[in-house]
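Please work from the sequences and hints to get the whole structure.
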Amino acid sequence: MRDHFFLLKVALRNLGRHPRRTILLILGIALANALTLWILTFRQTTFKTMMDNILGMKYGQEQITAPSYYDFEKGSINPFKIIQKDSIKTLPETYTLRTQGVVLLASQKNAFPLLMNGYDMKRELELSRLSTLLKKDFKFQHKFPLILGKRLALALAVDEGDEVAVIGQAVDGSVANELFTVEKILDLGGGEFEKTFAVTDLSSMQEFLSMGPDQYHLLVNFGDPIKGPSILEKIQWQKLLPQIASSSSFMDRFTKFYAIFFALVAGIAMANTLSLSFLERVKEYKMTTIIGAPPSWIRKSIALEIFLVSVVALLLGNFVMLTCIGIFNIIPLNLSVLTGGAPITMGGIHLSQDMYLNFYGWVFLSCNLFLIVTLVIASFYPLRIVLKKSQTDV
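Numbered per the UniProt record's numbering, the sequence shown finishes at 394, counting up by one with no gaps.
In silico BS3-like links for lysine-lysine, alpha-carbon gap of 30 Å or less: (1) 234 <-> 74; (2) 139 <-> 81; (3) 109 <-> 139; (4) 184 <-> 122; (5) 184 <-> 150; (6) 300 <-> 9; (7) 195 <-> 122; (8) 150 <-> 48; (9) 195 <-> 109; (10) 48 <-> 184; (11) 48 <-> 136; (12) 122 <-> 81; (13) 139 <-> 122; (14) 150 <-> 135.
Label-pair distances were calculated between CB atoms; the ranges are: (15) 250 <-> 80: 33 to 43 Å; (16) 68 <-> 137: 30 to 40 Å; (17) 136 <-> 27: 42 to 52 Å; (18) 122 <-> 373: 43 to 53 Å; (19) 160 <-> 114: 13 to 23 Å; (20) 81 <-> 322: 42 to 52 Å; (21) 329 <-> 385: 42 to 52 Å.
Hint data in this document are derived by calculation from the structure and do not stem from the laboratory.
Using N, Cα and C, we set each Cβ at its ideal position, and we do this for glycine too.
Have a look at this one:
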């Protein structure tokens, strides 16, 4: 115990010999830690914000359907594949049920084929991003109501209160046709999504498609993944949006590579600074070996200095990043500064430019562990040089 206390005193004395150099070293490691944490946290928060906007409006985190409902190779659906409500024994709190069908929307001036959805509006307003566009107590006023995206309404040349003819195929094989009344036109920020957004009431869509009240096409889950019945098929959002999933995967790998590269550069810089500091004390280390100090004493002394510097620097870096998260979790970051005021659109959906930073434990844990490993590896070089010049056997 006395030996450890003596080594601690020596380490603190050595670090205090050049306080400016020690402070700069600590600040350098702390800055590298804070910036690495910022890169990973900012990327994770940005991705989550964007995906909440995209998935929360239409797709959900996952969908449960009848087997072979989606044909991804042909890019089509089979409307005859339906889900019976009694086949789903337990439903999570984050689900909503939907029906959908390929229809032709026709006004007096234009007609467009698209995929029309029937929503349980009460559940959608509780779970999806529709709550940011509609009032919580929004209710349809007509039996066959219709919500259209702004671009689709402009293309059809219709306004709120106008009627639109909808033609499709019912699940019994008959031709489905009905007049729907436009109750709401939503501005979704442009893009193809706004040009294909057509939603009606769940019961109206079931009646239109000649479906029973307990028959559906989709169980859309907006929360964590759930275990669906084995007789049904679970589809992740990555399969529904392969292009966005591919872009996200690339950005995720690139961000992690950049963070690792940044940490390695910080480790190399630390090794260089430690080399200068330790080489100045080669004569002192030689004297300790002459008076009988074992080689392990030098190794422990140097390791303790590196440990003290690393712990203080990492704690400082974590504190700085946690402070930033605390501030920007209350006051949002406005991304318009990075876009020059231009709107951000992804997947055809207009994204909110206000971003709140969140705490991700795995980011802090993985970043700190990687930096510790990097700093340990970086210390091998100055340790080897000092032991060699001190003519000490390792």
